[in-house]
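Participant: Here's the letter readout for the chains.
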Amino acid sequence: MALDKKDIAKRIAKELKDGFYVNLGIGIPTLVANYVPKGIQVEFQSENGILGMGPFPYEGEEDADLINAGKQTITSLPGASFFDSAMSFGMIRGKHVDLTILGAMEVSDKGDIANWKIPGKLVKGMGGAMDLVASADNIIVAMMHVNRKGNSKLLSKCTLPLTGLRCVKRIVTELAVLDITSQGFLLVERAPGVSIQEIKEATAGKLEIPAVVPEMQF
Amino acid sequence: MINKTVHSVKEALEGVSSGMTLMLGGFGLCGIPENAISELVRLGSSDLTCISNNAGVDDFGLGLLLQQKQIKTMIASYVGENAEFEQQMLSGELEVILTPQGTLAEKCRAAQAGIPAFFTPAGFGTEVAIGKENRSFHGKNYVMEEAYQADFAFVKAWKGDVAGNLIFKGTARNFNPLMCGAAKVTVAEVEELVPAGELDPNQIHVPGILVNRIFQGQDYEKRIEQRTLRNI
Numbered sequence: 196m197a198l199d200k201k202d203i204a205k206r207i208a209k210e211l212k213d214g215f216y217v218n219l220g221i222g223i224p225t226l227v228a229n230y231v232p233k234g235i236q237v238e239f240q241s242e243n244g245i246l247g248m249g250p251f252p253y254e255g256e257e258d259a260d261l262i263n264a265g266k267q268t269i270t271s272l273p274g275a276s277f278f279d280s281a282m283s284f285g286m287i288r289g290k291h292v293d294l295t296i297l298g299a300m301e302v303s304d305k306g307d308i309a310n311w312k313i314p315g316k317l318v319k320g321m322g323g324a325m326d327l328v329a330s331a332d333n334i335i336v337a338m339m340h341v342n343r344k345g346n347s348k349l350l351s352k353c354t355l356p357l358t359g360l361r362c363v364k365r366i367v368t369e370l371a372v373l374d375i376t377s378q379g380f381l382l383v384e385r386a387p388g389v390s391i392q393e394i395k396e397a398t399a400g401k402l403e404i405p406a407v408v409p410e411m412q413f
Numbered sequence: 010m011i012n013k014t015v016h017s018v019k020e021a022l023e024g025v026s027s028g029m030t031l032m033l034g035g036f037g038l039c040g041i042p043e044n045a046i047s048e049l050v051r052l053g054s055s056d057l058t059c060i061s062n063n064a065g066v067d068d069f070g071l072g073l074l075l076q077q078k079q080i081k082t083m084i085a086s087y088v089g090e091n092a093e094f095e096q097q098m099l100s101g102e103l104e105v106i107l108t109p110q111g112t113l114a115e116k117c118r119a120a121q122a123g124i125p126a127f128f129t130p131a132g133f134g135t136e137v138a139i140g141k142e143n144r145s146f147h148g149k150n151y152v153m154e155e156a157y158q159a160d161f162a163f164v165k166a167w168k169g170d171v172a173g174n175l176i177f178k179g180t181a182r183n184f185n186p187l188m189c190g191a192a193k194v195t196v197a198e199v200e201e202l203v204p205a206g207e208l209d210p211n212q213i214h215v216p217g218i219l220v221n222r223i224f225q226g227q228d229y230e231k232r233i234e235q236r237t238l239r240n241i
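Heads up: the sequence lines are chains A and B, in that order. Under this note's numbering, residues 196 to 413 are what the first sequence spells out, in order. Under this note's numbering, residues 10 to 241 are what the second sequence spells out, in order.
One chain only, chain A, in its complex shape (with noise of 0.2 Å):
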């Protein structure tokens, strides 16, 4: 069975390690916060502006001067620290941040990614994406396999315009856990009861297929 988004969240969390400095994209990404593993401890930085953000405020309790890089209000926890955007961005270039969670349109087997812009579609705008994908070391992708129309997002070359090159190291779809090698796609895991076959019905840049490939646990 393909994941849902929540699940890819709950998959993506289990690569939190204890001391972590964290940038959660908009989407799929924001969900990790809620699936942290007990024992340990991370920080989620909000490129806006804030490290040790916490969870949504209760009702009466919102702040208009505090609020996330998705523009939704948030808390502080206790350690929490603001600053400005050059701060921000600087902790984020200077590899201060430990892992970078994001969403995609298209990724190539390269690392290469697109999440920014669909050429004659309304063009939005790439926020801080752009910097992020440029600097950080540790790079997880959050995304579904295929688009609505059931093609591959996963190629041997993006279509869309570029946010980033050679940047990606991991991504988890609804049908796999893959890393970006030499080889191109490195099928680490598949999603329970989701085959082998259906993972290279849905990828079309280079995949490489180990002997064995695990289901993945959560």
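With a cut-off of at most 30 Å between alpha-carbon atoms, the simulated DSBU-like pairs for lysine-lysine come out as follows:
(1) B:231 - A:319
(2) B:141 - A:312
(3) A:312 - B:149
Simulated from the structure, these hints should not be mistaken for lab results.
Position chain B relative to chain A; hints supplied.
Facilitator: Okay, now just chain B, sitting in the frame of chain A:
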């Protein structure tokens, strides 16, 4: 102590005219200079180039200037929340220069700090880098970006004193400190203007040297764009 106080928003915006390049602080609707924007609407200056991370919503923030068609060029990183913006962009009335958010921040800071240009990895190999100098340092590729040149910077702080020292609150800080001193004239509006000596010098985020005019803002709406709550 050098007193930077002006007594009205009208006085604060003296010298603003059509065709100018303006920086405006804020992220979404958080920390935007509401009073300065209202006065820009009243002044009716046109053909403006606005540098701001976002373009407001239809009826608030920079959306108010868009409604009056006062903006010719918008420089921003993300503009997704505004139907009027979309309409003007698609019809070609509005020129839009999309800039990676960290680059936008640094282009402000460079202007503030007297640095004409810098290299960033953001956008290398993408259409953002087209026409710009690329260079490799220690095996990694970078794009040269230039500091902004602006006529006015409008920022909003939580507290300020008459010497122009500023303190921000929460994530309303964002681009505001970086725009101070990054334009020919910096205008700061504050929720609470206090006499010199009332703010602890240890807690100042922006020293008054970067601010030319400061005034007590009025009637802040501080609208929330996405009120998102936790279930009890």
